[in-house]
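Enquirer: In case you want the letters, here they are:
There are 2 protein chains.
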Amino acid sequence: MEEIVLHAVQDIYPDDFAWCYGCGRLNEGGHHFRTGWQGEQTVTIYTPKEEHTAIPGFVYGGLIASLVDCHGTGSASLALHRKNGHEVGDGVEPPRFVTGSLKVDFLKPTPQGVPLKVVGTVTEIHPKKWRVDVEVLANDTPCARGEVIAVVMPSTFAKKE
Amino acid sequence: MEEIVLHAVQDIYPDDFAWCYGCGRLNEGGHHFRTGWQGEQTVTIYTPKEEHTAIPGFVYGGLIASLVDCHGTGSASLALHRKNGHEVGDGVEPPRFVTGSLKVDFLKPTPQGVPLKVVGTVTEIHPKKWRVDVEVLANDTPCARGEVIAVVMPSTFAKKE
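From first to last, the protein sequence lines stand for chains A and B.
Using the UniProt record's numbering, the first residue of the first sequence is number 1, and each one after it goes up by one.
Using the UniProt record's numbering, the first residue of the second sequence is number 1, and each one after it goes up by one.
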């Protein structure tokens, strides 16, 4: 049985902020990561492409870091959106976050050819700063653990559109 | 004046381990990051592609994390190779490292359209475990700071070639 994310926050990012190489639906060359709720946790599911290799047979660490990154900002967006009384699909645009810091511990080689399930637990540190604890699983086995500090997008970004 | 890395460690990784999406010379779809010495520090120079966007005008954080990742393992490889009495170009294959952990602090939005210069300082923690402190600069301005713990490739990888 293949799991899919039905209601992803990236599906409803404002158009101007939907160009991210990792998760922007408008970036044709990008990965199109999609993040949604699963109970009280957040989930992203992605099967790395053949070229996303570290050593043949194993997934590239930079791709795993990218997954953790976009999963982190997406999860924070979902959480603040919910705190504001909204859910994906109710017609309201969610807040957009950027990454303040990113940490990944690689626990074991991540096998290629299977969907990776990225699970996040979101904690508010400050109204504009959220921590997302992340686990990356392949075949239900944790292969990497991450932490993202996500920050509500500052105006310095918006000016440059 | 454009800086380039002349003698990159990735140019001499053994063929079986030259498929990395970030820095493998044999991975046609990859980024082809290249890392060499600059005095006592290590340097990688890379100009992100147009699609490597976070928000239009700024570089995707996952690409910066990927740069830090491969720069870290490449720098550790250069350093252990030098410790073993070898330099890129002397005909001896260097040791190959994997990433144990990766941390990136994003200091400010990284502008697109300019070469990024990644500078590393390598410290031996253990004969098989090296720390690389990394700075990512755009137009000589630090935009991100990272730390990689790189570990000599364990045999679990080699078995799966």
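Mixed in with the good hints there might be a few duds.
The list treats identical chains as one, so a pair stands whether inside a single copy or across any two.
Said to hold, decoys possible - For lysine-lysine, the following DSBU-like pairs were computed, each having C-alpha atoms within a straight-line distance of at most 30 Å: (1) K49 to K83; (2) K129 to K83; (3) K83 to K108; (4) K83 to K128; (5) K128 to K108; (6) K49 to K117.
Please keep in mind that the hints were generated in silico from the structure rather than gathered at the bench.
Enquirer: Determine for every hint whether it applies to the structure shown.
Expert: Against the structure, the hints come out as follows:
1. Proximity of K49 and K83 under a CA criterion of 30 Å is satisfied in neither setting, with 35 Å inside one chain copy and 36 Å between copies.
2. Taking the closest pair of Cα atoms, K129 and K83 come within 30 Å of each other only inside a single copy of the chain (13 Å); across copies the shortest separation is 43 Å, beyond that limit.
3. Taking the shortest alpha-carbon separations for K83 and K108, only the inter-copy value of 27 Å comes in at or below 30 Å, while the best intra-copy value is 35 Å.
4. Only within a single protomer do K83 and K128 lie at most 30 Å apart by alpha-carbon distance; the minimum there is 12 Å, versus 46 Å between protomers.
5. In the homo-oligomer, the alpha carbons of K128 and K108 lie at most 30 Å apart only across protomers (17 Å), although the nearest pairing inside one protomer, at 33 Å, exceeds that limit.
6. Proximity of K49 and K117 under a CA criterion of 30 Å is satisfied in both settings, with 15 Å inside one chain copy and 28 Å between copies.
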